[in-house]
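S.K.: Chain by chain, the residues run as shown.
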Amino acid sequence: MSIVGGEWQLSAIAAALAIYACAALIAAMVPRRSLSFVYPACAVAAALACAGGLSAFFTQVTLQAHLPLGLPSVGLHFRLDTLSAFFGLIVNIGIFAASVYGLGLGREDLSKRVEPFYPAFCAAMNIVLLADDAYSFLFFWELMSLSSWLLVVSRHADAESQKAGYVYLVMAAIGTVALLFAFGGMAGASGGYAFDAIRANHLTPLVSALVLAAALVGTGSKAGIMPLHAWLPLAHPAAPSHVSALMSGVMTKVAVYAIIRVAFDLLGDPLWWWSLPFIILGAATAVGGLLYAVQEQDLKRLLAYSTIENLGIIFAAIGLAIAFKSSGIKYAAAIAMAAALLHSLNHSWFKSLLFLGAGAILHATGRKDLDGLGGLIHRMPKTAFYWLIGALSISALPPLNGFVSEWLLFQAVLVGPVFPEPILRFLSPVVGAMLALAAGLAAACFVRAFGTVFLGRPRSPEAEAAHEAPFAQTAAIGLLAVFCTLGGLFGGFTAYAIEPLLTSLAGASLMTFAAGPTPFSLIAVNEAHAIYDAPTIAFFVAVSALATMIAVHLLASKRTRRSPAWDCGFPDASPATQYTASSFSQPLRRVYSGIVFRAQERVDMPPPGALRPAKFSVQFSDYLWRYFYLAPAERLWSLSKRFNVVHFLTIRRYLVLMFCTLITLLIITATWM
Amino acid sequence: MPAPIQSFLAQGAQMFLVLAIAPAVTGITRRVKARLTRRRGAPILQGYRDLLKLVRKDVVLAENASWFFRSAPYLIFAFTWVAAALVPTLASGLMFNWAADVVALVALIGAARALLALAAMDAGTAFAGIGSSREMMIASLAEPATLLVALTIAFAAGTTRLPEVAQYLINQPIELRVSFALAFVALVIVALAENARIPVDNPATHLELTMVHEAMVLEYSGRHLAMIEAAGYLKLVLYISLIICLFLPFGMAPIDGGPEAWSVGLAAYLAKVSIAAVALGVWEVSIAKMRVFRVSEFLGAAFVFSFLAILLAFLSREVLR
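Chains as they are written, first to last, in this note's numbering: chain A, 604 to 1276; chain B, 793 to 1113.
Calculated from the structure, these hints are not laboratory results.
By construction, the Cβ of each residue, glycine as well, lies at the ideal position given by its N, Cα and C atoms.
Not one of these hints is a red herring.
Straight-line distance between alpha carbons at most 25 Å, and here's what the computed BS3-like set of lysine-lysine pairs gives:
no.	chain 1	residue 1	chain 2	residue 2
1	A	K766	A	K715
2	A	K1161	B	K845
3	B	K849	A	K1161
4	A	K1244	A	K766
5	B	K1081	B	K825
6	B	K845	B	K825
Between beta-carbon pairs, the in silico distance windows are:
no.	chain 1	residue 1	chain 2	residue 2	range
7	A	P1210	B	R1083	23 to 33 Å
8	A	V1206	B	R1083	15 to 25 Å
9	B	L801	A	L1089	31 to 41 Å
10	A	S1166	B	I1079	30 to 40 Å
11	B	P835	A	S1185	39 to 49 Å
Computed, partial: chain B to chain A, Cβ under 10 Å:
no.	residue
12	M807
13	S858
14	L910
15	S932
Just need the whole structure built from these sequences, with the hints factored in.
M.R.: As structure tokens, then:
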């Protein structure tokens, strides 16, 4: 093994990987009762990897290692540069939070089907980021897919998990095959599979477009870009909640890393029309994901659909960065790239938070259907508070972190008219409109989710008997809430910190430190163009809220009485009369889903005197599922049935078939040469 | 540039100016409506009296209300107040104007709205749920429209900072631009919807099935209700100021203006706000309220107008500096 540079950062990460690997191996061997060591070990490893990644990121070292394993003459190449270090931080912070949450799992929650695969999954995600040749990249990418698949099917007796696992496996296979083609195309006929050789290999525009298309399919299927998203809302919620947090918050970012690595590093200088699929699919995914999310009745599936939306935003931002970079507008490319990178970071925090919170709720009540929860703010006060921060962050509301990346993205859209190509000039306001719509819908979606789960009165006995999550779990959720808040307040600092990364990817940096009125101002283009200063706004809001409250309490009344809710003079005894999640989304369904999903409401009202209950049902048509998944699957099925005949031929016919094939191949070879 | 102390004073003055005039603006609108329907109507200053009365009263909390229900009114008020204070009114050179640009301003309003919609669901009653669900449906169309209008104007001015936008518009010769006209219509529609005005919502109704905003605040009383009412008054002033700042900023004191320019700016601003309040009253008596599900078409029109505005602006680059 040879480490170029031999710095401690790589050793720290290698040690972390060794801990993950050992934890996986030991967990596979020990009995179920003694599995609880997995989470402390993973938390320590994640902290170690974070320290190494953080140091490597800020010192901007590039470290390389070469292991004589794997394919002969290729070996395994590893490289740690700022891009890997940045995404390594995202991954390991997520793993740390999920592992701390795991500390709170009781002994009865541990299972031989989860704990051995959890460290393997963590290790695989880390190594994908470090891989410096196509072989190791694909190998560990596949390991990541398979280990997460094993976690998805951990409750294998459940029919829903089975379906989720099946669809996930198919989509993961399609994605890996696409990536195989992408790397094959990049390596070319000479077959240099190390990334250094790929970088040196200049491709024709046609080949590079095909490579990018394949890479987009490969990474987009992992990131849930529509129409390759169908597995995600099935698989992410099916896993245990802390694994869902990792899959949604972190694994999707590995896909973002892969597409950035391919499009900005390996393929060389981008062409402007590469950006079109990113922008169009990204913007469509952002709105589409939310249209599903806002109608969803299951808390974890709602979060999964929202992941699809956020990945759409990230891909649209990457598309804008490609477009700006290829048009030579580097300062705008830096803004769009900063939006993509910061949104990856921010999304990993609030989505992990929301999923871990959903896990705490699931554990406390045994339910994840929105219409069966309610009033948890009284029984799970800490979880409720942290979840509120996550919900407001993901709705892109200031001064929290989701707004920082949203703001940057709108600033990038505003530079759009500078594009030389008319299509991009047309697309940039379209993207702006779609993202604005997505922001509005996200707020509606998360007001609905928080409102039905935590506010109001409990809608089921389970929700009424809920209890607060164990300390470790609330601590993990709280840690992420702190990150969301600090990331929002000091977004200007984060944008400054990723400057070297922006310079290497986009060719320009966003700004210099403390260029604005305060050290924490976030600036786009220049100081006269746009400034957003979260600490100042937060300070003003906090001061005016506190001052008003104190003034009102001191100068006027501070007495409070409790009484039954007024409710227009009709206080209802039953919590069933509250607005539910489905009633909340009814106006949105009337406005949006009539067109998009052809939603049909059916009311079955019995005549007066009849004893049967009235029924209300809503029917959706998921066009993407029907035409993009079911139709090809059916076509394939009928085709394979037709070819089934070939399985039952006599030996003579088989010999004839083989002979014919041989002749055909010979003819082809002869004419080719 | 004016001296920092002057600029600071201007910012402070602005912050308390919007707060001071807010109840009166709503008062003017109510008065105009009353007179036009041949009623005498309440005095213009009734809003202040209402607030004073409410603040002095006890709070009656619903049994199920949590800490969120109690703290939300102050936060809603603060978010709205800060947003209103950030829009240049009489002068464009304000001390803390740099802290938030127009994108952040829209998001601040969004934060206040999300908190109110959440607070409404806390008591666990049916009517409040109706209110917040409809509010979020309206907002899901109104917020993107606002953002697109803001981006259109910001693009024309080459900056998203409101003082610079106003400054740019003051210095421009007056001309009709198609994109601005579309954006103006869109923003007026949004302003009507966001302030729970006819034809989207009726601020005077207490008929349960037609309420949006009023349904959300049904469970509030005493000082909490006062905060929410004050935030409502402020929001109206905020939207009127935003329309003035983005479309009719003439008379506004420039960044380097002195006290004389400020007094001219103040007079112009108060005149424009009063005209807008009167116009709103006239508008409200001359049109009927829409059914809730017609609202989406009304607001959809705003969204489409704002989208066309930004598309025109981007494609023609008519205003690119």
